[in-house]
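Undergrad: Residues per chain are reported as follows:
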Amino acid sequence: MNMGKMMRNKVHNNKVQGSEGESSINIGELKGIPSFLNWNLFAILFFVVVWALLAFYEPALLFRVNELSGFLFDDQYYSEMLLMPAGILYYAASFLVQFFYIPVLGATIYVALLALVYWLTYKAFDILPKHRLLAMLPVVALLVSNTQLGYWIFYLKIPGYYYVALLGVLVSLLAIWAVKKTHVFIRPLLIAAWIYFAYPCIGVYALVSGVIMGVHWLCCSIGKKQATSWIVYSSAVMVGAVVLACAVPKIYYKRYTTVPLEEVYTVGLPVSQWKSEHVPNNEDKEKVVSIIADVNGRVGYPAEKVLTKFIISVDGSFSQKAINTAKSDLFASVDINCPKDGKIYTFVFVGKDGGEHYLNAAGGKISIVAKEKDAVIPKTGHFVCVADEKIKELISFKTLDGKYLTWNKQQGVDGEKYYVDLVASPSDGNSRCAVVKMKKSDKVCVADDSELFGLVNLLILNSEMPANAAPVPLFVAGLGNGGPMGSSSAVLNDEHTSAIRIDEVGFEPKPLTLTMQDRSMWYEVKVYWIPFFVLLVSFVVLAVLPLFSRCGYTVPVMMQNIVYLLVALLMVGFTYLFWYNNENFRIENEQNRAMWDEDWKKVAELAQKPDVPTRQVVLNKNIALLKLGRLGNEMFTYPEGSADIEASIPVRLAQTGGKMAYYQYGKFNFCYRWCVEDAVEYGWRFEYLKHAVRSMLLSGEYRLAERYINILKHTMFYADWACEMEKYVQNPELIARNRDFAIPVSLTCYNDFLDVDESYVEAYLTKNMTNATENMSKPYVEAALASALTRKDSKSFWFFINYYVNEFKLNSLPKHFQEAVLLFMNVDKGRTVQVPKAFLDKFISKGTNSKMTKFMQHVSRHKGMSEAEMAPYFKDDFGDTYFYFYFFVRNIKTN
Amino acid sequence: MKGFYKYLIITILLVCAACSSDVPTLPAKYTPVAERPAIYPDYYDVVVPCNIAPLTFGIREEGDDFVTCFKVGDKTLLCGGREVAPAVDEWHSFIMQAVGETVEVEVYSNDAGAWKKYKPFTIVVSADSIDRYISYRLIPPSYVAYEKLTISQRDLSNFDETVIYNNKFVSSEPDGQCINCHAYKNYKTDNMQFHVRQHLGGTVFVHNGKAKKVNMKTDSTISAGVYPFFNPKYDVVAYSVNNTGQIFHTKNPNKVEVQDQASDVIIYDPVREVVSHVANDPDCLEVFPAWSPDGKMLYYCSAYFPKHNDIPHVENMIRNYKDIKYDVLRRPWNPETGEFGAVDTVFAASSLGKSATFPRISPCGRYLLFALAEYGCFHIWHKDADLYVMDLKSKDYFPLEKANSEFPESYHSWSSTGKWILFASRRDDTNYSRLYIAHINDDGTSDKAFLLPQKESEYYDFFDRSYNVPEFMVEPVSITPHEFVEVVKGEAVNVKYSSDFK
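Protein sequence lines, in the order shown, are assigned to chains A and B.
In case it helps, our numbering puts the first sequence at residues 1 to 895.
In case it helps, our numbering puts the second sequence at residues 1001 to 1502.
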């Protein structure tokens, strides 16, 4: 009778004899509760809590996970799945994900299957009751492999991801259990058959479980102290399992044309998802650093922390695709090196032939002089930066003897031309400049390098406020394909110039340091592998557990209880730590659900919740207010800003809520385009299909809409919706009668033209609204006005407000539009816009006037403070006005 | 044991029952209907080759049961059910008896016990057979993104489709690979090529049965070779070299404009590994080379669009995209000296306010087949694009009215006999391009085009990829996808540029 058997007998008697000889109660075995709860209490509680959290705290997430999935009851869909190894696993997983459409149902099925994993785990490995907590390890690992995802749900490429690992483990456990029940002589054949036949069905899970079968059998043999011959036999089976696990994928590689050789061993795992290391290796890092190192600190180029982020966001392989993506993200940054007040700069024009010319102000005259190689530019080529006291983007340059550079405008037969001149005062002419981030679509002369993009414009302005002037690009500096370079602007029209630099005199590029600061664990891609690692380790531990029954050591009951509690706490802690819990993410998903339900009040209410919303939340809120007719009165009464998105990948509106935004703003082609593009990357998801139906329906492409309707009719939960949409295909005249279609259709009052959004949805929408100039609907004009206010674009605002009041014969203006009128008047000071008193009397209420007056009084009381210092003092009284937004909500970064 | 045998017998009986097929019979009584039945695909009055796969179609009428009868003379082929899917062998047996004849197709439907017979339609079985194989690229109709791309081949006599190459072999998340532009010499596969782009990029070139990877980019050319055309007689290949961009319509259903911001035509010698320019006028966009059947004339398209001093070229092209119109030109080629002769304008589409692309000469050398639309070069995205034929002797040109539709047609190719053409069309749902086959008569006109048949009539309803650049072949590609992968992963041969090709 061996020690293990003795121990089991003792446990069975419901008491454990401690080493001191006294009786002790084991924590997993409490008196007075039903026997099935013994040792399972923790697990049951865990499942109940998880179910409740999923069903009632994360229903919007579950619904979204389903929307971002796809499944068709169609032979072709099934056949397509089978083209991949583990295709059956993906198929079954995709089928189950559908049930998240009803979150309570989906959560129930999900948790029930997790419970099944728990039960099968302790059955398959014959886990003693006192060790049963270990059966929770794979459960916890499976759960957090999903709950950790956050924004990754938009970028998952494995079909049915949420259930893939769970089903793979479940089937594997069944196999382990079944094989264990068979006779030892046929067991090797079964293990071999399992690995060979299950691999195409469940991929890596078949390989690992096959090896686990062999390992477990060997450990059981050793643990049970079986004869040496049995141990040798089981060792041989284990070795055979390992060999087969190595060989079978390579055999199948020849039969599939859909998997690279490097991935045959990991089919079923999200390897391609999280393949790259987040932090580059040294060699790659040096390669990228060397490309951009000499711009570090140079005017117009990204600030160091942005460069650092650029390097970080270019993944380990530094492929062109990755660099392009990172460059787009870099381009989105507004943090650029500006000229600094008091420092001295030169202006150097770099020619296509590499020769350099510099701007020179000798004898009170401006000229462009060829720079001899390695020659130092004389003092007449030096200009001192004079930054504006109040507005940091606003700068001037003056010569060493105090004359200011200005760029004057001359009207010629060929149109406007600009020339450089010297004036006595910065307010003479157009000498004030602003450093502003350039848009990719801005004009550049040299187009040799199609990868070139600019980072900064030095704009010529004729007022103090950057947004108020007609921007004219003077020059750009950029990051080109072959390295740091720039290009000239059309303004200078110098076909020989390919770059203009503002160099600080004595400039030395700073060494680029890579410091990872203020980054949460979620930025590390490799973190996402932890649950899978825990899953693997847990099965290895369970497989070798029988070995420990051999040692005969008995743990005191107290120690067992402590260990039990610790392990339970660790599991709870692990689950908590890996549960992505971000308020904005939750709100975005809830808003998305409400938008599909056309519950616009809810969409707006949700936007009240965050302190600082993401741009998605703001965009959704504005759509809701437009639909409710409250945009002009309320858009700035909600929290504003651009919260950072906690994710290890660049998250774009195009993937999260951009399609909905394009649809609601009447940009049906762009909505459809992103449906197709993302369908290519991630597969046709239910969400994309629905967007495709609506956008093509409202753009009159009924046959195309019908195609997607037909597909949705073969789904479990969207068939009814598809049939509803089909009515409009068959009777297009019904579209005009549908209230939900009214706003998107009304926003289509623009002409067709060719355009790109550079993958920046919000930036495109707000800019693009100004393209229509006539025959605009009232909602369109309201949306255009809102865009102008968001962009602080007074020129567009005046155009549209004029159209708004005259075209629609209004008697009043919404609150924020009134505020904007007063604010822009105050900023403009009558220089470019004359607002008639009659207009003010009719449209500006006493309340708004009074508010403006109070605001200005408040400003003068806080004179001398920067905007950041002033903001808290204005928040309470003016936080719901456009005044506050205009002056204190800055550096909005859209994605 | 008793129970075991009982269940075994039941199982056997069930299997037998399943195997026994219901043989459909024609109803004795029915009411004739004046209209033809609604079917998909549309196979009314088409002309098909005698060796084509079964024309599976679905009946889209109300009814509980259906019987379809294919009839020629006293020979019939019956199919039951809404899905009319004759077995391959049965179909071939039947259709070989109908060569040169007109098959009448009668459809009967049963609605609550009452049968009705629709007005029959016809299928003409041409005596002209068709090349047995075709190949095409399968690609989602996206614009920028790509993921799973295959070049596949299909046996036209049945439904077998196999993969020639799949980009998923080497494509991964950070390192994507695009594949395109498969082409064959003389419809055979011992000389063929396709491009792989981005990751492990190059041209996979099979020369006399041996595959190699070629890097065709040189400092003197805009890009590596793009659109290829093998010389049918001589060991040279013509390519375009292109710098391509695209931009999107905000409202137009055409959705996207693809433009060559720069393009030239080059010639490649796969033995000497040399490329040279054929056409590289800086003020013109030259593209889509195609050889004549005797290999001594090179056709291509050219659009005159000079650079503007004040406006960046790309911006100018975008602003004036409707002014970019291509003509069809040709230059004679001397295979002895390698020299090209003077340019001759074959079809001045621009003078008609149109743009002609993708010239293809019939194997007999008499006809030029091209796509014509209002502007531009990427006609598969232009709704008004149609197929036209020009008689090179008389210079008359006309649309292939029976093959065209109100939606784009392009990417056409001739069969080796010149009796059939294969092209891509977006007519089914306006977005996904499907392959159509049309018979060409001796006078260059076409019969009605028919959709490439599939095993199930609803196949295209759910298939989420477009068919791109279909080509006829007389034999399948024998190099396996895995062998191509090894070539792709291998080193590339760098070509040299020579200004003098001889």
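Because the hints were derived from the structure by calculation, they are not lab data.
Heads up, a few of these hints could be off.
Pulled from the structure, derived: some chain B residues nowhere near chain A, Cβ distances all over 10 Å [unchecked claim]:
#  : residue
1  : G1063
2  : S1129
3  : V1144
4  : T1218
5  : D1219
6  : H1249
7  : K1251
8  : H1277
9  : E1336
10 : F1340
11 : K1402
12 : T1430
13 : D1461
14 : P1476
15 : G1490
27 Å max Cα-Cα, derived DSSO-like pairs, lysine-lysine [as the list claims (entries may be wrong)]:
#  : chain 1 : residue 1 : chain 2 : residue 2
16 : A       : K778      : B       : K1383
17 : B       : K1029     : B       : K1075
18 : A       : K254      : B       : K1489
19 : A       : K250      : B       : K1188
20 : A       : K863      : A       : K875
21 : B       : K1212     : A       : K767
22 : A       : K254      : B       : K1188
23 : A       : K254      : B       : K1217
24 : B       : K1217     : B       : K1148
25 : B       : K1251     : A       : K767
26 : A       : K526      : B       : K1148
27 : A       : K713      : B       : K1148
28 : B       : K1117     : B       : K1455
29 : A       : K250      : B       : K1233
30 : B       : K1496     : B       : K1233
31 : B       : K1212     : A       : K713
32 : A       : K157      : B       : K1489
33 : A       : K842      : A       : K609
34 : B       : K1212     : A       : K250
35 : B       : K1210     : B       : K1188
36 : B       : K1251     : A       : K727
37 : B       : K1213     : A       : K254
38 : A       : K379      : A       : K398
39 : A       : K602      : A       : K778
40 : A       : K123      : A       : K180
Cβ coordinates follow ideal geometry from the N, Cα and C atoms, glycine included.
Undergrad: Identify every previously stated hint that the structure contradicts and give their numbers, smallest first.
TA: Hints 3, 6, 7, 12, 13, 16, 19, 21, 23, 29, 31, 33 not satisfied by this model.
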